[in-house]
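First to last, the sequence lines map onto chains A and B.
Here my numbering is used: the first residue of the first sequence is 1, the next is one more, and so on.
Here my numbering is used: the first residue of the second sequence is 603, the next is one more, and so on.
Watch out, some of these pointers could steer you wrong.
For each label pair, taking beta carbons as the anchor points, the in silico distance ranges come out as [as the list claims (entries may be wrong)]:
#, chain 1, residue 1, chain 2, residue 2, range
1, B, Ser880, A, Ile19, 52 to 60 angstroms
2, A, His22, B, Gly774, 31 to 39 angstroms
3, A, Gly11, B, Ala837, 24 to 32 angstroms
Facing chain A, a subset of chain B residues (Cβ under 10 angstroms, in silico) [claimed, not checked]:
#, residue
4, Tyr668
5, Ser702
6, Ala708
7, Glu839
8, Thr865
These aren't lab readings, by the way, just hints derived from the structure by calculation.
Cβ atoms here follow ideal geometry from the backbone N, Cα and C, with glycine treated the same way.
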Amino acid sequence: MAFLQPWALLGLLAAGIPILLHLLARREPPTVAFPAVRYLLDTTREHARRLRLQHLLLLIVRTLLVIALVLAAAGPTVPLRGVPGHGPTALALIVDDSPSSGAVAGGTPRLQELVSAARAVLDRATPDDRLWLVTAGAPPLAGDVATLRARLDALAPSATRLDLGAAVRQADALVRADRRPGAILVLSDLQASALSAASPGAPVVVARPASAPPANVGIAAVEPGPEPWGPDGNRVTVRLAGDSGLTRAVTVRAAGRPEREGLGAAGGAVGVATPALPTGWHTLAVALEPDELRADDSALRAVRVAPVARAECASAGRWAEAACEVLRQNGRLAPGAEVAFGRLAGAAAVVLPPEDPALVGALNRDLERRGVAWRYGAVQAGGAVDSGGVAPAGARVQRRLALVPAGSGRSGVLGTVGGAPWLVRSGSVVLLGSRLDPAWTDLPVSAAMVPFVDRLLNRVARGEVAALAGAPGEPVLLPDRVSEVRAGDRRWGVEGGAAFRAPAPGIHWLLAGGDTVGSLSVQVDPREGVLAPAADREVAALWPGAEVVRLGDVPAAAFAAGARGDLRGPLLWLALVLAGAEALLASGRRRAGAAAPLAAAA
Amino acid sequence: MALAQGGRARPDLLDPVEVARLGGLEVTTAGVVEGFLTGLHRSPRRGFSVEFAEHRMYQPGDELRYVDWKILGRNDRLYVKQFEEETNLRAMLVLDTSASMAWTGAPGRRLPKLDYATRLVAALSLVLLRQRDAVGLITFDDAVRSQTPARARLSQWRLLGQALAASTPGKGTAAEPALRRVVDALARRGLVVFVSDLLLDRRLALTALRFLRHRGHSVLVLHVMDPGEVRIEGAEEARYEDPETREAVILRPRDWADVYADTVTRTVKEWRAALRRSGIAYHQVTTDTPFGHVLRDALRPPRGG
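Only chain B is shown next, with the shape it has when bound in the complex (with noise of 0.2 angstroms):
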């Protein structure tokens, strides 16, 4: 899967690692875009029901009535068609830099989840991009720690990777303001995609999350999970200090990892159904997840929508 003709690597289907070892955010980002692009059959984003767009070369699966039949006669050669839609996207990208995020459970071997949600933000910030959507940035820990404005123009991207290469763990968690200075960014309907692990206050995130929702904007969560999260291992016992609040607990995961693994999975659960229920699309990550799984994933069209 990792490889496409003629033995090269497809960089948005190797190991996040491996990826980040290639070089800067910026180069690192566009291999991952293009690679996931290669792999696409069609643009996410590009339909087949509005204004022209351009031609691209017939491959099996394409529906037979978007084939230009003219081209056929002319050059006995299959191309089908594709549209633009009528109005470019507004996106805002929301990315939670606190001191959670800066956590691995496997130095070396796993990148910090901060940094996966970097690279992941630029993939898709470029993706959306690419297809001349209007896309922005908010960082935020405790507070909003920095915005760069919704734009359609291709320079935005050098911004963006900016900003993105300059966000450094923060202290705690408050995602309210930040998803409320989206309100204020994005004056139209548009997209939210919102990267956090979710140790947060989840009442209020909720509500921010639900409000963005009645203001008719579409909104996508992309929890962001250390697989050391997800489960806990190790025979010894240990004392184990939340690097936000410094609650602790002592345990040894031996006993507790089945039992705590339910629990993660019971609050995912919760998560995604409370998030459903408002009609905001979830998606759970993990950081040893290939960018190119989770660009499919996340800008695959809503079900029914």
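Just chain A, same shape as in the assembly (with noise of 0.2 angstroms):
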């Protein structure tokens, strides 16, 4: 049941004005003097027990008015199966654009079918109702039908992924805002995997194709490997989005090069070499062969290819030496003084604390003069390396020395122990709070350690580089540097730090001034290409009693939720009933003892 004027129900407590002057009147009244109280007492004896319950029907006769005549003027609606027509209704339409609803079923596009059953949908709609438009990756639409109608037919599947879940509770705050009874309808090819948890409460139909989805094989993810790529050529993974099991060529083009190939499953990975690239930024472009869904079928991916550091390591101790020394055999390392290991000398360094805790001082003054804006300090306890920053997650620390900025800043904290700083960059120094040494770190005795000295001395201490992925409207964090983000002719200034969603897939190039300092390639969300649809006990596990149609059965249903049936008129005839009996009661109730002593008689 849902109310028109919701705000009226307060007046219920007026239903309780009867039940309290009938307490009320229950006080001891005043005492009067009466000798003829024999026949008072005569005729209460006779008469009590009717009186009695005569006084109870008035109370629930006129209690119930009170709540008969308050939920009229609230308005009642209660929901109506099979009439025909509808009552003024809150309607949210949520159409799923998402890249997967670019799929050709049985030579149809699937955005097609749903455009369609919305339109028709649109025809039953009245100029009472209240209408919204969700969709993906734009905000949600409210207008009439003509507006509504002109969104519809300029609809395209969007990049930008839609969590059913998501739109579900976004549809139900819309209607819920309005005062007419709301409902929510989405139109989906409802795959399992854009479902998520939501309980609304305007009732949800849910109108999906009667067509089973086409089999898909879609690009999930273009991995680079360690980055930057050295001149010498690299291989690039990718990996096949999609449950149909089908085998599909991967080709892989580089900077204009000839095109490389692969072979590769949905579900699975394929590896792919590239040629030897000049030192630069690199796009790579990965396609697949075409299907029903076009939108996974291919992919860009930005590469940095950048000579390996040149980096000195005698003084990072016997574990972070044996680290570059496998970097070098793997040509990921060349032996030279541009990136100290282990002191604070040459352009870049990685500094270490001090075996002897004697030394912490003199280390501080050179950091110092250096300009470092971080100092080393006490001893701290041990923990587990976060999660997000540049270190290896959930590595061990049995000993640290505590990061102190030197001024009142704390920016560059690339790792953190507990939610300390433990590594950290100023310029062109990279402090690390713990040596590579297992007794503070188990880091040396992990396979984590190699890439971490990798990622050190030829991104970290050299500048990083930031080569990012995401998906179509996805929030990204970009590096504190970023000034500007740059796709094509698009430009976008942007604040360093702060979350950017890439309203296309593409490669976009961060900027920091007049330099590229990174990448963010976006292609659509891997989960668009499993197409595998949800059952519906599925969705009405996860949507508690939603309804589940075809999209044929659509216009019908759209407003069956909405059809409702207006309670004000039976309430007021009620309300006329009670008022009558409560009359009858009361005048009865003043003759009954007339008709009593004539039926005692008889």
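Can you join these two chains into the complex? Each is in its own frame, and there are hints to help.
Dropping the structure here:
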């Protein structure tokens, strides 16, 4: 049941008035001397039961009368099935125009089916209805039938994923803000991966296509491996999305060089070697054989090619030196003094705390002279490396020195342990809170050690180059220095450290001043490539009370939830009947005595 | 009706409260009786079939056979002859002075039942004394409070007046001892007038009254009620308490008025039926009824008797 004027329900408090009056009337009344009490006693003995019943009935009738009037004022409506037409309804139409809606099934694009069904629903809308159109990647559109129809006509598959649970919650908030009875209509291919839980208050009708989705293979991710790439060529891994099990040819074109091909199956991965590239930024264009869903058949990925760092690792301890040796053998590191690992020297340095605590003071003075904004502090308790930074998440740290900012700021934190800075950068100097020694941390004896040292020397120490990846509409945290994002001719002025939502797939270059400091490779969310639909019972489990229908049935079902009977008339009739009953009972109570003796005599 | 010739008010037809304001018991009672007798065409208990008593002016309606034709022949005036009954009546008036009799439903506007009954009894006794009947008085509440033997002397009126003026509201009501006392007081057959609100043990009272009737006495019961007892009024709930028994009941008069009135009507009917079955006259008297009306009803010869 819904109410057009729910605030009027406050009047239900008035239903207590008859009861209150009844209770107040039970107070001890004043005493009156009256000699003929015996006549009163005779009278009450004969009629007390009847009058008590009449009092009770009067109390009930009067309370019901108040309730009926208050409910009528609140304008209650109840769902009515099988009646033509509908009352004023607040209807939110969710049309799933996510990338998967571009799939062609039975020769017809999914989105076209959904839009046709939405148009049929709008045909039944009346001017008294309140309408919203909720789609992926755009704010909800409120308007009349013409406005929504125009948006539907222009609707094309979006690059943005649509979380159906979030959309239902958003639609629920919209319709609940309206005083009309609300209804939510979901028109979607019902990808299982798009569903999430929601508990809407408004009734939900879910319309799904009758035909099965097409078999699909899509590009889930393009993984270029450790960056920057060396100039001698590299290898890119392409992960394929989809649950069809089909095998497809994958082509990778790098910087206009001839394509390289691989063969991969849905759900698997394929490695493709790339040719040697010159130093600089390059775009990898990855493509699949076309299928019924084109949105995930291609992807772009930016990679940076640069000479490997020339580092000197002798001062970093034997564990770090061993890691450097592995990197050198694999061509990821070269001997040289470009980066000093373990001591404060050279153009760039990765500084480790001294083994002898007595040397901390001297090191801090050197840091101060170099203009580094961080200092080493006292020995601190260990912990686990927190996730989200350059440092390998979860690595155990047994011992560390506190890293203390020299000024008021706390910028440059790249990794933390228990929330405290553990890996920081100030200019070209990187400070690590623990020595890379098993006595300080178990990192040296883990598989994460070599990639960590690779990142430290090739990327962090030489100035981090961000190589980010994301999906359209998904927030991506930009590095601190980034002031502008550029994609083709489009430019966005941004604030470093803030979230950026790329509107479409493609390469987005991250700029700091005039320099390119990173890239954001945006491609369709890999979940969009998995077209397997959710079963009706899964929908019902995630959205309690939701009704699932076929797209062809949606025009009849759309407003069925909103087909509501107005109870004001029946309630007013009920109030009238109750008022009549009240009058009869009240007058009958006074007449009761006249009838009763005659009846007794008879 | 309340005005006689010359515009003078007839006290017997005035509102009892106004009568009470005119003066003391004896004075007002004499006024009431005078008015009452003036309004009568003939003396209430004076007949035409026994010993001659006196003449009076013919009045329309008198039977022609009682016209004294000799006087008509001598004086050309119409007189009728009146006759004295063979024996004088001995009457005993029994007045209930219990606590319930002290009640009035409208203080200041209606007399308490006892005040009303006192004046009624006084008027009755004066009427009877005027026709040379012997009149006595017994007052009672839960016991006999006073007894004035029946006498026919005119000085009896003063004694009765004193006894009535001295009667004050008592406690409970027990009529049986008082009625039994009547048996001793009236050796010969006579008239017993029982004035009470009848808020008493009905079975005992009926037994005693029937016994009197069985002894050959004429018995008249005047059931005195305040109009407020006949019909209850008021919108607010109240606790009604019996001043004699302290029994109480809580109710809202508005809700019970009709049923209560029916109960009272039924009770009156039951009294009347029970008494008439025993040959006892019964009159319900409300305290707003002019005394003259009550006297006329009370002294009217019983039908068929």
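Do the hints match the structure? See the list:
A beta carbon spacing of about 54 angstroms between B/Ser880 and A/Ile19 agrees with the range 52 to 60 angstroms that was offered as a hint. At about 37 angstroms, the beta-carbon gap between A/His22 and B/Gly774 stays in the expected band of 31 to 39 angstroms. Under the hint 24 to 32 angstroms, the C-beta atoms of A/Gly11 and B/Ala837, about 28 angstroms apart, fit the expected range. The criterion of a C-beta within 10 angstroms of any C-beta in chain A is not met by B/Tyr668, whose closest approach is roughly 47 angstroms, and the hint is violated.
Among the interface hints, the one on B/Ser702 holds; its C-beta lies about 4 angstroms from the nearest C-beta in chain A, closer than the 10 angstroms criterion. With its C-beta approaching chain A no nearer than about 13 angstroms, B/Ala708 sits outside the 10 angstroms limit, and its interface hint is violated. Below 10 angstroms, beta-carbon pairs count as interface contacts, and B/Glu839 has one with chain A at about 4 angstroms; its hint therefore holds. Of the supplied interface hints, the one on B/Thr865 holds, with its beta-carbon coming within about 4 angstroms of a beta-carbon of chain A, less than 10 angstroms.
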